[in-house]
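Take the position in the sequence shown, starting the count at 1, then add 53; the result is the number in our numbering.
Note that these hints are calculated values from the structure, not bench results.
Please read these numbers as outputs of a predicted model, since none were measured by experiment.
For every residue, glycine included, the Cβ atom is placed at its ideal position computed from N, Cα and C.
Treat the hints loosely; a few may be bogus.
Label-pair ranges, simulated between beta-carbon atoms [as the list claims (entries may be wrong)]:
id	residue 1	residue 2	range
1	E122	A81	31 to 41 Å
2	G82	L123	34 to 44 Å
3	A69	D121	18 to 28 Å
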Amino acid sequence: MVQYKYSTPVESELGAAGSVLETALLEAGYEHDEVKGYGVDILNAIVSDLIGGISIERWIKMGMQKADELDITQYEDS
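Please construct the entire structure, taking both the sequences and the accompanying hints into account.
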């Protein structure tokens with residue numbers, strides 16, 4: 054599985070989701086050069102289609118901003 058390194062938590066989670074999608078597509082029989090390195094792009098295309106042209110990163114950031122406005126905090130295990 055390809056591991057992406059990004060500078061923000063949103064980019065990091067998006068990269069991880071892209072890696073999982075790439076692995077699933079490879080296991081489903083897609084060719085390596087059809088999907089390798091394109092997981093995030095594929096996710097963006099799916100989400101953009103579903104929510105009317107907004108990239109997944111923008112959509113996640115909008116959700117995080119709304120959570121901040123509502124004072125919703127995500128706690129991580131220590």
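Verification of the hints:
no. : hint                   : in the structure
1   : E122 / A81: 31 to 41 Å : holds, 39 Å
2   : G82 / L123: 34 to 44 Å : holds, 43 Å
3   : A69 / D121: 18 to 28 Å : holds, 22 Å
Against the hints set out earlier in the document, no violation occurs for any number.
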